[in-house]
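Enquirer: Residues per chain are reported as follows:
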Amino acid sequence: MLFQKEYSFRGSHVDKVNKLTSQFDSSASAKLFNRNIDVYILAPIIGFLYGRRAEIDKSGGETTKIFPEQLIREQTYLKYNYQLIMLLDKKREPSFDERENKAFRNYGNNSEETLSDELSYEKYVLGGIDVLYEKLIENANSPEDYITKLYDFMEEFNERYNEDISDEKILDLCALARN
Amino acid sequence: MDDATMIRLDLKKIENLLKKVIIMEKQNLRTKQYNDPEMVRRIKKAIEEEVECF
Amino acid sequence: MLLKTLKLINFRQFSGEQNIEFATDSVKNVTVVMGENGSGKTTLAQAFTWCLYGDTDFEDKVVANRALERKLMPGGELQVKVELNLVHSGTEYTVIREQLYRKDLTGRTKGQNTTFNIAYKKDGQQEFVRALEVDAYMKQILPKELSRYFFFDGERIGNMSKEIKKGKSQDFAQAVRGLLGLNAFISALEHLKPTSKYGVIGSYNESYDSKSDKRIAQYTEDIQMAQDNIERIDKRLLEITSEMEIAQDNCDDLNVKLSGMAETERLQKDKLRLSETLTKTRQARASSMSAILKQFNTNNSSYFAKSLIFKSLENLSQESKLDKGIPDMHARTIEFLIKRGFCVCGTKVEFGKETYNNLNKALEYLPPQSIGTSINQFVIESELKTKSSSDLFESIADQYKVLRDYENQIEQLISDILAIEKIVEGKKGIGNLQQDLWRYEKVIRDLTAERDESNRKKGAHETTRDRLITERAELTLRDENNKKIEIYKAYAQYMFDELSRVYKKNEEETRRKLERYVNEIFKSIYEGGMSINVDERYNIQVIVEDEGGYSNDVETSTAQSISVIFAFISGIIKMARENSLELESETKLLESEPYPLVMDAPLSAFDRRRIKTVCDALPKIAEQVIIFIKDTDGELAEENMGAKVGKRYLFEKKNEFETKLVAR
Chain A
1 MLFQKEYSFR GSHVDKVNKL TSQFDSSASA KLFNRNIDVY ILAPIIGFLY GRRAEIDKSG
61 GETTKIFPEQ LIREQTYLKY NYQLIMLLDK KREPSFDERE NKAFRNYGNN SEETLSDELS
121 YEKYVLGGID VLYEKLIENA NSPEDYITKL YDFMEEFNER YNEDISDEKI LDLCALARN
Chain B
1 MDDATMIRLD LKKIENLLKK VIIMEKQNLR TKQYNDPEMV RRIKKAIEEE VECF
Chain C
1 MLLKTLKLIN FRQFSGEQNI EFATDSVKNV TVVMGENGSG KTTLAQAFTW CLYGDTDFED
61 KVVANRALER KLMPGGELQV KVELNLVHSG TEYTVIREQL YRKDLTGRTK GQNTTFNIAY
121 KKDGQQEFVR ALEVDAYMKQ ILPKELSRYF FFDGERIGNM SKEIKKGKSQ DFAQAVRGLL
181 GLNAFISALE HLKPTSKYGV IGSYNESYDS KSDKRIAQYT EDIQMAQDNI ERIDKRLLEI
241 TSEMEIAQDN CDDLNVKLSG MAETERLQKD KLRLSETLTK TRQARASSMS AILKQFNTNN
301 SSYFAKSLIF KSLENLSQES KLDKGIPDMH ARTIEFLIKR GFCVCGTKVE FGKETYNNLN
361 KALEYLPPQS IGTSINQFVI ESELKTKSSS DLFESIADQY KVLRDYENQI EQLISDILAI
421 EKIVEGKKGI GNLQQDLWRY EKVIRDLTAE RDESNRKKGA HETTRDRLIT ERAELTLRDE
481 NNKKIEIYKA YAQYMFDELS RVYKKNEEET RRKLERYVNE IFKSIYEGGM SINVDERYNI
541 QVIVEDEGGY SNDVETSTAQ SISVIFAFIS GIIKMARENS LELESETKLL ESEPYPLVMD
601 APLSAFDRRR IKTVCDALPK IAEQVIIFIK DTDGELAEEN MGAKVGKRYL FEKKNEFETK
661 LVAR
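Chains as they are written, first to last, in this note's numbering: chain A, 1 to 179; chain B, 1 to 54; chain C, 1 to 664.
Calculated from the structure, these hints are not laboratory results.
Accuracy of the hints is not assured; some may be wrong.
Listed below are the simulated SDA-like cross-link pairs for lysine to any residue, each with C-alpha atoms no more than 20 Å apart in a straight line [to be verified]:
| id | chain 1 | residue 1 | chain 2 | residue 2 |
| --- | --- | --- | --- | --- |
| 1 | B | Lys26 | C | Phe393 |
| 2 | B | Lys13 | C | Glu498 |
| 3 | C | Lys387 | A | Leu176 |
| 4 | C | Lys294 | A | Ser22 |
| 5 | A | Lys5 | A | Ser111 |
| 6 | C | Lys311 | A | Asn158 |
| 7 | C | Lys144 | C | Thr114 |
| 8 | A | Lys149 | C | Phe393 |
| 9 | C | Lys644 | C | Val27 |
| 10 | A | Lys90 | C | Lys311 |
| 11 | C | Lys103 | C | Thr114 |
Listed next, the stretches of chain C that the computed footprint assigns to chain B, with coverage defined by at least 3 CB atoms under 8 Å from CB atoms of chain B [claimed, not checked]:
| id | segment |
| --- | --- |
| 12 | 188-201 |
| 13 | 256-266 |
Quick list of simulated restraints, FRET-style, between CB atoms [as the list claims (entries may be wrong)]:
| id | chain 1 | residue 1 | chain 2 | residue 2 | range |
| --- | --- | --- | --- | --- | --- |
| 14 | C | Arg648 | B | Glu48 | 52 to 60 Å |
| 15 | C | Ser287 | A | Pro94 | 47 to 55 Å |
| 16 | A | Asp172 | C | Asp405 | 34 to 42 Å |
| 17 | C | Arg273 | A | Lys5 | 32 to 40 Å |
| 18 | C | Ala217 | B | Pro37 | 19 to 27 Å |
| 19 | C | Ser531 | B | Glu48 | 46 to 54 Å |
| 20 | A | Lys5 | C | Asp416 | 53 to 61 Å |
| 21 | C | Lys280 | A | Pro94 | 58 to 66 Å |
| 22 | C | Trp438 | B | Glu48 | 58 to 66 Å |
| 23 | A | Lys5 | C | Glu411 | 48 to 56 Å |
| 24 | A | Leu171 | C | Glu394 | 53 to 61 Å |
Just so it is clear, the structure is predicted and the values come from calculations on it, not from any experiment.
Glycine is no exception: its CB is placed at the ideal position from the N, C-alpha and C atoms.
Please build the complete structure, drawing on both the sequences and the hints.
Expert: So, in structure tokens, the structure goes:
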């Protein structure tokens, strides 16, 4: 089952995660992500939204870890994000009923189907890390560069995904869905 | 110094003397005939002559 | 003084004997010597200085022709000679300077001391001035201090203008006065002078007969002592004046530099202030950066997931999954019914039968197996997330705007600082100017104190001297012989006082007249509301004539400097000429002498329009004009002075060591 055991980033993702969580300006304790787990929480959403999946890079013995306690503490977030992706990944499963089962019924039941779902989720995690690395780190040389890249990414993301969605709309839908 | 009670100066004589001396000097500047001590002697001579004459 | 001929023998690049004859005609009074740069114009101009004063402005003081000097065998000799023929005060002089160069056995050439001779014609006979008197003669003909204003080097104009403006010696003023026709007065005053033992008055003092009263000799001795003291103090006072002038000059220089420094200091302060602002702005930028990152770091996933949440809820709300759940029924209810064997409605529940299957299916929609609850949970969570989320992008965008502002400020600050550093860099290395200034200011204070003290002492000595003189007079008048001396001396003293008075008056008039002439000439060649002031010491000030009457000594430009010098020289020459015309007048006691103007490359510094003015003015002002010019200027000079040119020469440059002078 996901989010129970220690998680390790491997291969090329080690470096990317390290860079995403490292301080880039000595004068300000400025970090894009405070902890590995913060990357781990956001990455699948970005990977999914950008349609980016990546295989586990098994090259190189270096790893960077997330400890189980942290995973358990952030369980709610992680589970929620997992459910979001399961619910919406039409490419893997066209039937909404089935996706619903993946998201809600099968979560953590260790069935073969679920393990494959979890693997798919992991791929989004790694794909998301690739995207985040490209968007926020690559080719940046100074604190200014990092901030500029961050802003550009935020702006692009906002335009593409969030501009037309208001909190009110979401809250209306919540009311509707709860019935 | 020229205490009037003791010494009387004749202004006419002085005027003559001045003219004489300047002309002497002018000539000498052109001719360089006399050197400085000689000129001093000539001026003294002119003064004494002018003072003594009536 | 008019220049007639110049003979050069082996003088620098003029190898062998070369002669040049100058125009002395009263109408055609201009001699033009033309040549390319480096052909020997400056050398020829320097030949005059060398001949008259034994010195040149060349760095290399060897005046021997290099080519001939190299050819010398060890033990061989080379004679260098410049002979200048001139007329001064109606007497024809030949001024000759020679220097012998000898190559020693090691092949080194050494120049011996120069020999200097002046010959003059007296009653058709050539006579030589006695060796001891040649310098005095030369001073009479043309004092060195003045010579540079008649041997005029256009290329050294900057220095001349500074010299003419200030710091000139007493000798210069003296020389100018002499030149302006006050020589006879000066000589007479010099001869009468009461302060010298050898002057008329002094020698009377020495000639008292002390036999009648021993005290007379004592008085004379005391008076002389007082007089010596006064003279010593006077000498020191002159030194003090010139020392103070030097110190003042240094102070002025330093103040100019220091005001540059003050500027630098101000800039440094600005820089410091800018640097402080820069540091603060950088800190602000850093915290603004941290703020952006902190925001990004907090709950970012709900922001990024927003579109996904929206889609999920959309999908979920369209499905009626939630309806399948039977309100308030639990799985345990179904399990009870199955175990009991009949439904609520009484239908039998048998394993494998339809009723059994239906009941089992219903289990799916009931807790705990029902996903409805999970979905509900999910919706609640979505609601919470949405309610607690802020617009991450908006707040980051706001913060980012602030950050950009800071970055622009930082960029501006850095470029300002760099600009200041560049300016300051140019002013570095001025060292401990303030200390130097304090030192010179102290020198001035000390000298002022010394001067005041000296003046006090001088006054005391004068009082003593005058008292002694009066007392001696009382004694001397008792003796017939001494009384006579006393009377002669009184006449001499009166004459001296009177001459001094007249001289002062004349000198003042002459100076005002000079000032007027200099201004007339200056204004004819240099326009622009400026005039020249000549003070008691013949220092020159350029004054701006403002409508408001405000005047100020202004910094002179090169063209202006040239014009000032030219006007000054022209003014002096013009006056000298005027005075010489009145030479024979009995009533006018002034005597003077015309002077030539020898100019080296003077036109290159002027613009075309001014060249014409200068060319027009020159031959009218000076009795004689000798002009060394490069070819291009030469044409202009010919064009503008053609009718006045009496003699023309050309430099024929064969090589670095050989130039021939050819008449054109």
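Enquirer: For each hint given before, does the structure comply? Return the numbers of the non-compliant ones in rising order.
Expert: Numbers 1, 13, 17 and 24, in rising order.
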